[in-house]
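**Q** As you go down the protein sequences, you meet chains A and B in turn. Heads up, the first sequence is in the working numbering, so the first residue is 1 and it goes up one at a time. Heads up, the second sequence is in the working numbering, so the first residue is 116 and it goes up one at a time.
Read the hints as simulated data drawn from the structure, not as lab findings. Computed from a predicted structure; not experimentally measured. There may be inaccurate statements among the hints.
[Stated by the list, open to error] Think about it this way: if two alpha-carbon atoms lie no more than 30 Å apart in a straight line, the pair counts; the simulated DSSO-like pairs of lysine-lysine are: (1) B/K213 - A/K11; (2) A/K11 - B/K218; (3) A/K11 - A/K57; (4) A/K57 - A/K15; (5) B/K141 - B/K184; (6) B/K218 - A/K57; (7) B/K141 - B/K213; (8) B/K218 - A/K15; (9) B/K218 - B/K171; (10) A/K57 - B/K213; (11) B/K141 - A/K57; (12) B/K141 - B/K171; (13) B/K185 - B/K213; (14) B/K184 - B/K171; (15) A/K57 - B/K171; (16) B/K185 - B/K218.
[Claimed, not checked] Computed footprint of chain B on chain A; a stretch qualifies when at least three of its residues, placed anywhere within it, have a C-beta under 8 Å from a C-beta of chain B: (17) 67-73; (18) 103-109.
In this text, a Cβ means the ideal position worked out from N, Cα and C, and glycines have one as well.
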Amino acid sequence: GAGVSQSPSNKVTEKGKDVELRCDPISGHTALYWYRQRLGQGLEFLIYFQGNSAPDKSGLPSDRFSAERTGESVSTLTIQRTQQEDSAVYLCASSSNRGLAGPQHFGDGTRLSIL
Amino acid sequence: SQQGEEDPQALSIQEGENATMNCSYKTSINNLQWYRQNSGRGLVHLILIRSNEREKHSGRLRVTLDTSKKSSSLLITASRAADTASYFCATMGGANSKLTFGKGITLSVRP
Chain A
1 GAGVSQSPSN KVTEKGKDVE LRCDPISGHT ALYWYRQRLG QGLEFLIYFQ
51 GNSAPDKSGL PSDRFSAERT GESVSTLTIQ RTQQEDSAVY LCASSSNRGL
101 AGPQHFGDGT RLSIL
Chain B
116 SQQGEEDPQA LSIQEGENAT MNCSYKTSIN NLQWYRQNSG RGLVHLILIR
166 SNEREKHSGR LRVTLDTSKK SSSLLITASR AADTASYFCA TMGGANSKLT
216 FGKGITLSVR P
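Go ahead and model the full structure; you've got the sequences and the hints to work with.
**A** In structure tokens, the structure reads:
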């Protein structure tokens, strides 16, 4: 079956512009996560959606970052007034259940470059 | 702050040799997971070990967990060039489903 799909795969934009990144999770997965990965680093948690519960936004680095999810489907991560420090790979993951704390399935990410 | 800390940061071995990677963490966990990341790709889940388990196998992979030492190891036996990748350990606490990742280990397997 289809895995987690992210678009665009690459995005180059000028400092100060807004960007919107999209994630299509695996169908039926109730949990969805966004992470940021800087070059040569591990993953930095940004935000977590679980079903219709209020999202866990504790990892968002500033109010320029926001994310939405429609039901248990597509999610978009928006970065407003981008800065050069926002350059990174943004990874999305989904998982099928929360209570059992199972594995996460990742997309290939969006590589964001801020000029 | 990152919970899992992998060791070594980089490992280079000959094809056919075994690769051992270690992970240490600081707080109590529900489970610990290992992931692989090939260059330019997302992470792929390899194996999950729960806090009440001590050892787990999956193909050429063997994971151990020592909760008293707050450490885990990932052993890849009979390595192949295709095993070349970055490997991350990630811990999951009990109260939520957030995974906390380490910085990763870069494994190079020379043909």
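**Q** Decide, hint by hint, whether the structure agrees.
**A** Going through the hints against the structure:
1. B/K213 - A/K11: holds, 27 Å
2. A/K11 - B/K218: holds, 24 Å
3. A/K11 - A/K57: holds, 23 Å
4. A/K57 - A/K15: Given that 30 Å is the threshold and the Cα spacing comes to 24 Å, the pair holds.
5. B/K141 - B/K184: Distance ~9 Å between B/K141 and B/K184 Cα, so the pair holds.
6. B/K218 - A/K57: Cα-Cα ~22 Å, so holds.
7. B/K141 - B/K213: holds, 15 Å
8. B/K218 - A/K15: With a Cα-Cα distance of about 27 Å, the restraint between B/K218 and A/K15 holds, given a limit of 30 Å.
9. B/K218 - B/K171: Roughly 23 Å separates the two Cα atoms, so the pair holds.
10. A/K57 - B/K213: Answer holds: A/K57 to B/K213 is near 11 Å, not above 30 Å.
11. B/K141 - A/K57: Cα-Cα ~23 Å, so holds.
12. B/K141 - B/K171: holds, 21 Å
13. B/K185 - B/K213: Given that 30 Å is the threshold and the Cα spacing comes to 18 Å, the pair holds.
14. B/K184 - B/K171: Roughly 17 Å between the alpha carbons, so the hint for B/K184 and B/K171 holds.
15. A/K57 - B/K171: Roughly 33 Å separates the two Cα atoms, so the pair is violated.
16. B/K185 - B/K218: Given that 30 Å is the threshold and the Cα spacing comes to 17 Å, the pair holds.
17. 67-73: Answer violated; 0 residues pass the 8 Å Cβ test.
18. 103-109: holds (count 7)
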